[in-house]
Amino acid sequence: MNALSRRGLLGTGGALVVAFSTRPVFAQAEHAPTKLPGSLSVQPHLSGWVQVAPDGAVTVFTGKAELGQGIRTALIQIAAEQLYLAPGVISLVTADTGRTADEGYTAGSHSMQDSGTAIMHAAAQVRAILLQEAASRLGVDAGALSTTNGRVQAADGRSLGYGELVGSLSPDQVASQTIALKDPATYTVMGKKMPRVDIPGKVTGAAAYVQDMRLPGMVHARAVRPPRYGATLAKLDSSKIETMPGVIKIVRDGSYLAVIAEGEWQAITAMRALQDAAVWTGGQPMPDQAKIFETIQSLPVQDSVILDRKAEMAPAVHTLKARYLRPYGMHGSIGPSCAVAQLQDGVMTVWTHTQGVYPDRAALAELLQMPPQAIRCIHTEGSGCYGHNGADDAAADAALLAQALPGRPVRVQWMREQENTWEPFTPAIVAEVQASLSADGTIVDWQYGVWSNTHNMRPGNGGRLMPSWARANPLKPSPPMPIPQPEGGGDRNGIPLYDLPTAHVVSHFVPDMPLRVSAMRGLGAYTNVFAIESFMDELAAAAGIDPVVFRLKHLTDARARDVVQRAAQEFGWDKAASLPAGHGRGFAFARYKNLGAYAAVALEVAVEHETGRVRVVRAQCAVDSGQAVSVDGIRNQIQGGLVQSSSWTLYEAVTYDATGITSRDWSSYPILRFPAAPDSVEVHVINRPGMPFLGTGEATQGPTSAAIANAVMDAAKVRIRELPLSQERVKAAIGV
Amino acid sequence: MKARSITLGLAILVAGGSAAFAGLAWRPAIGKIASPTQFDRALVAKGAQLAAVGDCAICHAGSTGTPFAGGNPLQTPFGAVYASNITPDPDAGIGTWSLAAFRRAMHDGVDRAGGFLYPAFPYNHYTHVTGEDVDAIYAFLMTRTPAKLQAPATHLPFPFNIRLLMAGWNALFVDHSPVAADPAKNAAWNRGAYLVEGLGHCAACHSPRNALGAEDKAHPFTGGEVDGWDAPGLTAATSPAAIAWTAGALYRFLRHGLDDQHAASAGPMGAVSHDLSNVPEADVRAIAIYIASMTDPDGRGAAEPTREQQVAARVAAAQIPPPELQQTSGAAIFAGACAGCHGAGAPMMLNGRPSLALGSSVTAATPRNASQTILYGLQPGPGERGPWMPGFAGSLTDDQVAAVLTYLRWRFTDRPAWPALEDNVHRIRQDKSS
Amino acid sequence: MISLIVNGTTHQVDVDPATPLLYVLRDTLGMHGAKYGCGLGQCGACTVMLDKQAVFSCLTPVAVLEGRQIKTIEGLGTIEHPGPLQQAFIDEQAAQCGYCIAGMIMRAQALLERTSSPTEAQIRAQMQPNLCRCGTHIRILAAIRLAADTMRQAAIPGRVQEVSR
Ligand code: FES
Ligand code: FES
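Residue numbers (our numbering), protein chains in the order written: chain D, 1 to 736; chain L, 1001 to 1434; chain A, 2001 to 2165.
Here are the simulated lysine to aspartate or glutamate pairs, EDC-like style, with alpha carbons at most 20 Å apart:
| hint | chain 1 | residue 1 | chain 2 | residue 2 |
| --- | --- | --- | --- | --- |
| 1 | A | Lys2052 | L | Asp1398 |
| 2 | D | Lys182 | D | Asp141 |
| 3 | L | Lys1046 | D | Glu728 |
Which stretches of chain D does chain L cover? Using the computed rule of at least three CB atoms under 8 Å from a CB of chain L, they are:
| hint | segment |
| --- | --- |
| 4 | 604-610 |
| 5 | 648-659 |
| 6 | 672-684 |
Because the hints were derived from the structure by calculation, they are not lab data.
The beta-carbon is built from N, C-alpha and C at its ideal position, and this holds for glycine as well.
With the hints as constraints, model all of the structure from the sequences given.
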């Protein structure tokens, strides 16, 4: 405990607290009133969000998790604003089944909408209650009171601290449906620059991640994975390994194999020895990488028409058709998945960087055959995950091994090759589009279809935890389901935001999964925006219209127009930019999910004719996330999203052959490195004070890919419709 | 060595001088032309493949990364020779060169203005390339993106700065006759011979050189040296390979940069196999067949069962190090620094990468290539897939590198220990920093 | 027993000499800065300084470290008194998840100790071994440039500025 708190991060609050909180766990509302804003609808009790202690300390609770997106800071800003407090005095508790509301997953850029909205309203209401209490104690009208720095003040100078006021109040009020929020014009914290609370600790070596946890008596474990999906352990002589230094236990259950040792290096050394000694057989046949898109399109599908519009249109003079392809890609967190678990007195505590502590708990309960109440999942930050990576599976490893070694905390971290070969990938996708133009360059018909696996194999049940598959009594994953529109999964952003009076869009959901897949940043939006925005440029070229003008011609949404125009203007799109030889410019736009942030990207690439190597030279982005809470946080997300998406777009593809996944490390799955980073990425945030928060974290993934493809077309006169735009592919298209 | 080559240089000066006297040395300038831009696409495409066999892009890689812009030095015993800009830029490159001027450079080692080129540019091999093929390469180069970068001029010390000397050198060492076809061999072998002896100029690295920097014609392909690396011998007697190179293995290695019964292509060879991935498969096979006729002259290596057994035996022999070896610091360094990739159960080994017991750098007569790889690693280009090794120059001292080399040699080979390891490592480090 | 000099302090550690420094720093000495990312020398998350050079601690067995100076991010400053590079990363808000950042700072530190005015190309070449998956590259580069400026100005005689403690 001491070792943990000694260098604990500023503001991590209870995230690394080891023992159960003595505070009662808040009951979830059984019949939540539906009209409450954000996640107040699942947890209407104010004390589930904001608590003021008698000493005036303020703690804010969120069921969402910090994934490196800076959510911790943004939520503190919101609470501070509505409570009229300095952000520095607020502690924030993040996702913990023992302490916070069940806000499901931290995913889909929902945190600000769900949790931010709830905290904003809860904080405003807590302040209103405190103000009321002060008014009655001081015998003045609440309207005559002011609040600064945690004290309520009367005009005559008398004042009461929040802590004093809270004593006599009922601790557990339910949120009311009418809550007066602070006037956005008077904001002093929200929308203002606030340094992230977690960065100082992270740059000085404080314990910041689940990987950094060190509990008394903690041991280290490593799993040994089969060479490919479904392979079984045919033979293993582990007698020599059992006596290796530090080895405590070799755990084997069917083909599930792991080693627990006192030291981490000892665990790794023993794991390698087991890996070498184990003989595996069989396994699922792997798909043929060269034919993967044909395979995806030939599997059975469940079709749904997600858009069907018909209108009287001018006659078509020109019809274009194209097919866009995206291979499997990986999350590739820099820090492989990790978890710590301890079984003590019948309670299993799991520290995990899962995106959903409650769903993970439910799945673990099934896996461990324990009641959910006996399991506590505490979110503890990990390396950036960008979606459903190995986090939940690592939690399952840790819990299984903690069950095998009761009493001692067990820390499991995956090896790089395990992360790369066993994480659920983002699915390979095919998009086919056909559209017609009238004589004046208007799109008069739009037909679009997208083929994709599910983008959600998160632990809905125990069988979706990968370690359960190899055990003697394996669990079956619950069947994949499409994520319905309007959010969508493979068909996310499959419907263009453009004015298309005649349009037909079909989502071809492919249930069979040749490789293990699940959610990754942007889901299908990355590919659909790549396809739609590449095709918009193809149409613009066919119509002989500038691509930005062509987009605006089909765009009436005012906020969409604003980001498009702003990005174009900041880039200098109009100035018939005389780019250097081999350079090109590209543009793309999307509103994430057609519900979240609006983002437009204009960028310049350099294409090396001889090698086909592409580099993004500079980019200008415009984004509208509604009310901006942390402007710099938005910028950081957009910049990072653009750079990450450049890496996906230029380099990335999971590779596999009959032996299994072969992109096991960074030499077989190269990603962007510093020499290829853009010279500049500028982000222009169009703030909309008072408007709802719009999720931002995934807004540039899609537009970046198409902007790059469009810029490559401009630079080298080649249209590439298959990702990634690798140098081999670009060179092959350029020819000699 | 240096004093000796200077003396010999002076001798050649005399020979060259008399040659000049005889009017042999003087070459006229060939008039400038306006850069031609129109070429048949098929010719350009053929030129691209031939240029890849000829490794043009490797030596003429721009010092700033601009392809064909030149500027990188090739270290020779006589000093650094800078590669020229061979893009069609009229000022910095060869944009004003006519086809005749280009042909003369390729065949005779004389530039457009009439100056002699140094044989760091392997015209002694390119002279065997047919006129047709040279024309295709010309078409390819003349259609590259012009680069304005001026490559540094080469300044060798006296007497090698007297370019006219090269007339004498050429008279002594350059054989202009075409590669003779061997009717006893099949077409692929003959094609391989043409590519290897001509454009491929394999012997330029893989043969020893005399004091004047000319290939030792009496001992071709018996191993040479380039840029601080050993170019291993390619004859059966001189190849250090643990298991003889067959045509199939050579093909995989040349085309993909890795063969699972040998090792990854590293050092200067890395770029060669990278280039060969763009050459028609048949040509790479032809090259492999020709070279295999040296490495595996009686074709025994291809006898698969024996071969599999050989490989297995080699690998198995390396599995259990003797106890006395386990006590050395080399063993500890191997376990902590190398085994994560090269040890049993490591991810790289799961991907079917060859055991160190099969790698030529560990079986070679000198520790040079192994030292180079340990110190500076091996990395694919940006965004490219390929064998990877981090360099240990910053973390291991000379004696520590020597300790791990000793361990590798003992554990993975049956060859005698390398002498004076620490000095060897030290020298490589010094050459790199100078 | 192997003696290790970490941030100027000598520690006696009783571990297998083959153990990579990374695990000794984290598990034996209780530090958190250096991180496991790949264990293969491909990502730089584990980067520390060894006698002025940036090295991968995941591939540096302690057997080779006797008598050599090891510097980790904990040696550059504290949360209360960050060193110039740490301060620059805070000022530029150069982190998303931050997992890669300690390694980034140590690799940049090695460059700035060697070269006070690195060019953009030198910075990028130096940082090439280190990966960031969040795409924080633009800010990391900005922070390194900023720290170089701060350190240079601090080095001008007569200027009063706190650079390191
Ligand atoms: S963990 Fe050391 S380089 Fe990746
Ligand atoms: S900030 Fe997340 S990996 Fe770099």
